[in-house]
Each structure stands twice: as structure tokens, then as C-alpha cells.
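Could you put the whole structure together from the sequences, leaning on the hints where they help?
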Amino acid sequence: MKAFIEYLVQAVVDLPEEVRVDEEPGEIATTYRVHVAPSDLGKAIGKQGRIANAMRVLAKASAMKHKRRVYLEVVGAPAEVNAD
Amino acid sequence: MSAVSHDVDFSAYASPLEAVVAELDQILQVAELDLEPVARVWNEPHLEIELVGPDAAGTFGRSGKYLDALQYVANLVVVRRVGPGVRIIVDACGYREQRAATLTELALEFAAQVKERQEECELDPLPPHERRLVHQAISDDPGIRTYSEGEEPDRRLIIAPR
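Protein chains in written order, with the numbering used here: chain A, 4 to 87; chain B, 38 to 199.
None of these hints come from the bench; they were simulated from the model.
All values reported here derive from a predicted model rather than from experimental measurement.
In this text, a Cβ means the ideal position worked out from N, Cα and C, and glycines have one as well.
Any given hint might turn out to be false.
[Said to hold, decoys possible] To give a feel for the contact side, a few chain B residues facing chain A, derived at Cβ under 7 Å:
(1) L70
(2) V110
(3) F147
Next comes the structure, spelled out in C-alpha cells:
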């Protein structure tokens, strides 16, 4: 599933090397957080959220077989961790 | 790639139809869906692809939601990676044909009601290709006219008396 989301997002953005998908397994649902370059946010989400929604629908179709739930979030660039 | 036989002669067109099918196959594989794309009809620029496999009947052949999502995403990827000139139409278990029959039937029913009551009738949101089907089914009826309102994906077709 992670590979699928990565593949799809990389295919629609301008900076595929900036795409990172975090997988957060939960008890009944797995959450996927999609990080893209700030300039690619609109491309990854799509007009009216169409791309993000289509990805959700397909992720659901695939997850249903494994009786899993998935949540998908598109977030901006990964937050910088300041270690000072 | 798969060993299935396609109904479309890939060599008959200069654009890389085979690459389009391979791209869709790749999407289905990474999505962990048990579906295989089989090219059925090439009607430029539309390439009709049937999804065959265990997930066809259960999920994709039952609701247009999954087919439309896959079709939307696949076209985005294909335009990006293979180039424009080919639009994919995906189907499973004859869903599109059945849906077209249902929509045509509904369209005729609504048109009859609109004429009888002389009142507009607003349909639920439909994707563009389905709105076109409804429109086409009743466009030659002189007693009514159709138009659409709203923004995708909430755009609705309205049937109005003329």
C-alpha cells in the first residue's frame, strides 16, 4: 500500500524525489502521511481534492481485502526538527 | 507483463498503446489489486480496458466509484509518463454498459415527468461521461432541454421543460 501511494504521488508531482510516505500502523487502521514539496501540495491533492480522494478510494479497495482500514493525509514538507 | 491476449492490435497505432497497458498493469500491481488489464477497443483517443481477475466482480464491477477513481488516476499517470493522445476507459464485468442502460432508462423516465409537470428536475452529481449519457439519451426530445450546474465533482445535470 505504501508503495502504491508513493508511486501515484510521484507520478503526479513535479519533484518526485521530495515525496515521502510515512506509515503509521494502528489497531484497526493504518494511517499514511504523504509529504511532498510545498510547491507540489496542490498537485498531490488535486482540484477539489480529486487526486487525494481517488487515492483514498483505491487504497480502500485494496485494504478491504485484508480487512484493514486506511487513512490518507497529504501534508506539506516534513517539519524541520530543530535539535538545539 | 501478462500472458493474456488483447483484442487490440497495438501495432496499428503509432502511439505506444502497449506502454499505456503496461503502465496500468504497474499501477494495479503496486496497489496490490488482483486485476489484469486487457485492451478491448481502440477508438482514438479512447482505449477501453477491461479489468479481469478476482477483484473484478467483488469490488470494481459492483460500483462505479472504484472504476472512476482508477480511471482518473490512471489517466493522470499515463499522460505524465506516456504522453497525451490516449485516454483510458476502464471497465469490469460489463459495469459501464449496464450503467449506461440504467442511466438511459432513468433519463427517459425523468424527461417524461419533466414534461408532464412542466417543472425542472435536478439529478444527483454524476461524472462527466455519465452526464453526457443522460444528455444524449434525451437530447432529441423537443419538449425538454438539459444543462449542468455546479463544480466537479458535484456538477449536476438539470432537465428542464422547453
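Evaluated hints:
The beta carbon of L70/B is positioned within 7 Å of a beta carbon in chain A (closest approach about 6 Å), and the interface hint is therefore held. Interface hint status for V110/B: upheld, as the beta-carbon distance to the closest one in chain A is roughly 5 Å, under 7 Å. Residue-level restraint check for F147/B is violated (minimum Cβ-Cβ distance to chain A is 26 Å; threshold 7 Å).
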